[in-house]
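Number of protein chains: 2
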Amino acid sequence: MPYGFLGKIIRINLTDSMVKIEKPGEAFYRAYMGGKGFITYYLLKELPAGINPLGPENKIIFATGILTGVPIPAMPRFAVGAKSPLTGGYGQSEAGGYWGPELKRAGYDGIVIEGKSPKPVYINIKDDDIQIRDASHIWGKDTGEAQDLIRAELGDDKVRIAQIGPGGENLVRYACILNELKHANGRNGLGAVMGSKNLKAIAVRGTKDIPFADGDKIKEIRKKCLDIYMEYPLSRSLYELGTSGLVKAINAGGILPTKNFKYGEFEGADKISGETIAQTILKRREGCYACPIRCKRAVQIEREDFRVDINYGGPEYETVVAFGSLCEIADMEVIAKANEMCNRYGIDTISTGSSIAFAMECYENGILTKEDLDGIELTFGNSDAVLKLIEKIAKREGIGNLLADGTARAAQKIGKGSEKYSMNVKGQELAMHDPRGKVGIGMGYALSETGADHMVVPHDTLLAQEGIVVDSVAPLGITEPLDPLDLSWKKVRMFVYLQQWWSFLNMAGVCDFGPAPRGCIPVMDVVNLVRATTGWDTSLWELMKAGERTINMARIYNLREGLTAEDDILPERLFEPLLNGRLKGTAIPKDEFYEAISIYYSMMGWNDKGVPSKGKLLELNLEYCI
Amino acid sequence: MPYGFLGKIIRINLTDSMVKIEKPGEAFYRAYMGGKGFITYYLLKELPAGINPLGPENKIIFATGILTGVPIPAMPRFAVGAKSPLTGGYGQSEAGGYWGPELKRAGYDGIVIEGKSPKPVYINIKDDDIQIRDASHIWGKDTGEAQDLIRAELGDDKVRIAQIGPGGENLVRYACILNELKHANGRNGLGAVMGSKNLKAIAVRGTKDIPFADGDKIKEIRKKCLDIYMEYPLSRSLYELGTSGLVKAINAGGILPTKNFKYGEFEGADKISGETIAQTILKRREGCYACPIRCKRAVQIEREDFRVDINYGGPEYETVVAFGSLCEIADMEVIAKANEMCNRYGIDTISTGSSIAFAMECYENGILTKEDLDGIELTFGNSDAVLKLIEKIAKREGIGNLLADGTARAAQKIGKGSEKYSMNVKGQELAMHDPRGKVGIGMGYALSETGADHMVVPHDTLLAQEGIVVDSVAPLGITEPLDPLDLSWKKVRMFVYLQQWWSFLNMAGVCDFGPAPRGCIPVMDVVNLVRATTGWDTSLWELMKAGERTINMARIYNLREGLTAEDDILPERLFEPLLNGRLKGTAIPKDEFYEAISIYYSMMGWNDKGVPSKGKLLELNLEYCI
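Protein chains in written order, with my numbering: chain Y, 1 to 626; chain W, 1 to 626.
Please keep in mind that the hints were generated in silico from the structure rather than gathered at the bench. Heads up, a few of these hints could be off.
[Stated by the list, open to error] Among chain Y residues calculated to face chain W with C-beta under 10 Å, some are:
#	residue
1	Asp127
2	Asp129
3	Gln131
4	Val523
5	Asn621
Note that CB positions come from ideal geometry on N, CA and C, so glycine has one too.
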């Protein structure tokens, strides 16, 4: 068994409460490496085609990565995957915090959960002791209460709990999984998959050491990383202002998603900035395992008429924009409350905010009436309405029941031209980045296997900076910075290489704020870290190929489930000009964009329908995917 | 300018004696890296399609590699390239010795020679002083005399001379280029290209230091290499017995090319073995720049009736077999003489031996008569006839004139079914490895851009050894040893990855006896060496991509010159069973073989006609090749 891994995967069948420990062997680890690699493997190998994502045939996989738990900044993450109830295709979402390293310390690389429990349960893992416990008394509780109850019941207030809230129980199609109440596997509705299985939570406590091949080398890299990490401007900014530190710059750049992506500049941007958080509601900085950045915010409001509980963390950039400019809310307290509510109910802030903005635009255009909206005056900027809708969505009450299925399904039911206000790809709502000012992110939205997802490649704006490109991604074969609006084959090439790198980082359990090009850990130090952790004589070549492998596997999974090249598209609005701000008048040129997608297929060794060639699959050692 | 390179390329137009120094800039070096990379670049960019390889429009490029001259074992090599007069396609051949490092020490990474001199000339390069000198008095001289004359004329008996002999002057289509009389750029007829330009030789003397980015790191890797190098079984064997140390094992394996590839076992094998050389005619071991292996033999025979001059080195494995078992000659003295004559005349020993064996089989089958053969009784095993034919070929006398065009052209002229005795691919004669016992070498023959060439991937027999595969090529993503006769997609995948690695090693100026998997220098130490030499933040990913880039460039060049998928074939004889030896009855399964070629195309991102896709070319940054 390679170092760095534990060599054990837990398999739990909830239908018959069967718990097994599987030992997949080194070839499995070397080919799939963790995270997305594990998930694609299990979904392709074990799920029949065409199953109902919310039925007992679906499986949900919790997968740590090759570097999860290595005591180096930015390596705390794990991924959860299943067939997505939101997209109907490959579903995956990652989270930071402490839960992933804790699972490894308990002695496991991942958990495969199948079947459906006849009654609500939670799983408790304490080293070699794995229990399926009754959760009837916890079911229906919000996440905070549930965490308190489980910790009390287990008599351990340090146990790490990944759980769903009422949103997941109610099968909201974008329900999330939260650990420590604030680190979210946010997207793709994986919380609903847990809910469909009557699985409330997975509590983990581990006391073992993760074995590393070369601890001295890890220490050496750790020291180097710590030396440079807090000097790096992005790290400093993340520490000072959190991810919302980006709001003002993005607004100045003219691409802050505003009023459901109609605009790129929001006049209330300053009020929803990281600076505003820091100056008002911030109580402390928080972070993840072994990471000094502490980019997470913990905010608190204790007014009698308006409380925000500090235990639910604070809003990230995505949340700030989804409930802020997207809904034209210029009030950080309301956003903080929306964030707290989403974490309490266990629903994804991005899709929730986007669903509300969609409904607002429908209302503005007379497509939804006040009657349809349970009497709510759903105008852009109406804070009370936003908070009410969050609750309705989580509880699937009234209009919330419609919106809980996501904007694509809602628009289909509503009709009347509402489709054009649904900002989704493959059924998943866009993240809070407007690709009209960074077209590579648009390619990422269109091509991500999980539907619109901003975690596919680093932002074009970053990659336009000569210093960052030349100094950091040269090992990837990228040595030329490119304009954020460049849509030439050069951008596609940059996209292809970075997508493989980011795909590997995902498999590794690494946060994108760590390694270059977004972070400052040199690419080759990540490679050296994998070598030191696993003891493998590995290279960037092998790691990039592993990244490429999982991209192809997820693609094959989606093709099998009926998602084709026709789904690699963007909402029409993005081909229409921005209506204000620095990029006023700018749209993504449609023909060029789809030409770029077509070049992407060709670069990937896929045919013009986006289907991987036999040769490409064989080259990636994926004979079983043909 | 990156370290390791000098940043200067000499361009000489022989038509008007114009000498220029070009400074291509770092992007050129990073994309093309040297050797095959430089050559493919110049041929594609500067040669019009369809030119006569022996006309003044052809150019000949002398290219050092990224590591040429780094003081580490096995890094002395340089490549010469042009449109090949033998294949009509991409022409290239590499040599070791000291000439390549000397060119770098003179301050240059390569030389591009164009046009045609009105009279015989040679080029003399001494650091910044570059002269085109009259060679009328040297023209027609054999290589030994020419070297003496040039050294005397320059007053420098250490000057390194790469030159052609009478074979090149006479435009033998497989004339070679020799440095120090014994290190041959043997294949593809590049000596004829020099001859067609009236260029006899390039003498080089350099006194500068090659700048390295991190000399300490190079020293550290050097020490490590030296520590392991002479302990490695292959290195020891090469030192003791030279490349002919392989004869007995290959014969025992049943794949020693015998009687023009009709047989795989030669009863006289012991007499033509490396052991026999060591016990009889070996005078000393020689080698290349900075390399302790000293795998080169210097042999000598001083009998009055039979002399072999020690200055011409000694026969390599390829030469031993081409004049030995292939012609059924079991006499090492004759082989040594044949080697000396080929080096004296400047013709390729592989194609010369193969051309003679071809004529022998034609004679045996009554297709060529004694009359056709200038009265020579050209039976297999006739030593005198072999030596006579070498002279006739070099001088283009009688039957030699026909055979000097290579067996493919000769068979075309002869007709009468002689084609089946021409063991060629794309017009170039097979090297002395029978792919019926190592099918990957057959793929290499069929797919090499230079025609039948054994320097495309390491031998299947090596890659069947678990220790070697698992321990050494893991960074390339290859972790499973495969049977030498395996022709499945797994073998194709191994082939694709190793071809890219070997293509890079070629670009680097590295001998395949150095790095893994054939040598013992770990793959990742080669990567570290490129980093230490150039100062680039590079990776195995980038180096493999560079290898892939040049494979695609050479492919595009060949397609442009009319070599297509229909030329990616093997001689029919290889699909017929071996007639004796351990593999008696074994043939390459034809359908499986061409299916493997077809999978290769698909893995490469080429269409079923072997044409690289637009996406693949763009991915490799080769927009100008579309």
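Cross-check of the supplied hints:
1. Asp127: Violated. Min distance 32 Å.
2. Asp129: violated, 35 Å
3. Gln131: violated, 38 Å
4. Val523: Y/Val523 check passes; min Cβ-Cβ to chain W is 7 Å, inside 10 Å.
5. Asn621: holds, 7 Å
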